[in-house]
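Novice: Using the sequences and the hints given, assemble the complete structure.
These protein sequences, in sequence, are chains S and E.
So for the first sequence, this note's numbering puts the first residue at 3; every next one is plus one.
So for the second sequence, this note's numbering puts the first residue at 24; every next one is plus one.
Simulated from the structure, these hints should not be mistaken for lab results.
Hints are all accurate, no fakes.
Derived pair list, reagent style DSBU-like, types lysine-lysine, alpha-carbon separation capped at 30 angstroms:
(1) K124(E) to K104(E)
(2) K11(S) to K124(E)
(3) K11(S) to K104(E)
(4) K16(S) to K124(E)
(5) K11(S) to K119(E)
Here are the simulated distance ranges between beta carbons:
(6) D75(S) to E79(E): 34 to 40 angstroms
(7) D28(S) to G51(E): 29 to 35 angstroms
(8) G64(E) to D75(S): 22 to 28 angstroms
(9) R89(E) to M43(S): 25 to 31 angstroms
(10) S71(S) to A39(E): 48 to 54 angstroms
(11) M21(S) to T34(E): 38 to 44 angstroms
For each residue, glycine too, the CB sits at the ideal point set by N, CA and C.
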Amino acid sequence: NAGVTQTPKFQVLKTGQSMTLQCAQDMNHEYMSWYRQDPGMGLRLIHYSVGAGITDQGEVPNGYNVSRSTTEDFPLRLLSAAPSQTSVYFCASSREDNSPLHFGNGTRLTVT
Amino acid sequence: GQSLEQPSEVTAVEGAIVQINCTYQTSGFYGLSWYQQHDGGAPTFLSYNALDGLEETGRFSSFLSRSDSYGYLLLQELQMKDSASYFCAFPNRDDKIIFGKGTRLHILP
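Specialist: Below, the structure written as structure tokens:
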């Protein structure tokens, strides 16, 4: 049972480049979410989804897009990377919104 | 709005007991969760309180008082491996799961 799988683990981008962070879960969880973690800021919610075809904005959505075409996958797209998006990104899933979150191992992104 | 407040750092001695507090503000309350995160790792779920009172899981316990908008995580018989960051979190009425900024627990031998 793989749980939540995030790729890549590390990524370096130049300002203005775009990329997609991949997230997949094999637990048939309806709820999926993306967080970014910066020193002293805790985990801040970027976007989330309560099921396939449904997405919504979190606390810090600007500069990011998401889609949820299947239950398993929830990719996060950076449209035009900025140094302020340098962070560690975590994808998480749960059975429902107040069930325990299962986190992926994170993607460490650096934008130069 | 919704927010959670917790101390940024707590220090305790190996073998002792430590309490990490969390106060929250929200218009709709659906339970309080706790997560542990070791350096370089991913957060992992520890406990969840939907109702007032104490929930115990081994050396870890979590307490909730909805009337005081307050909860805490209690760690007993501290071990060096408990050195980590601890986060309280809750889902709000819009299905968003919001986290506090985390408490870094330092354990002294």
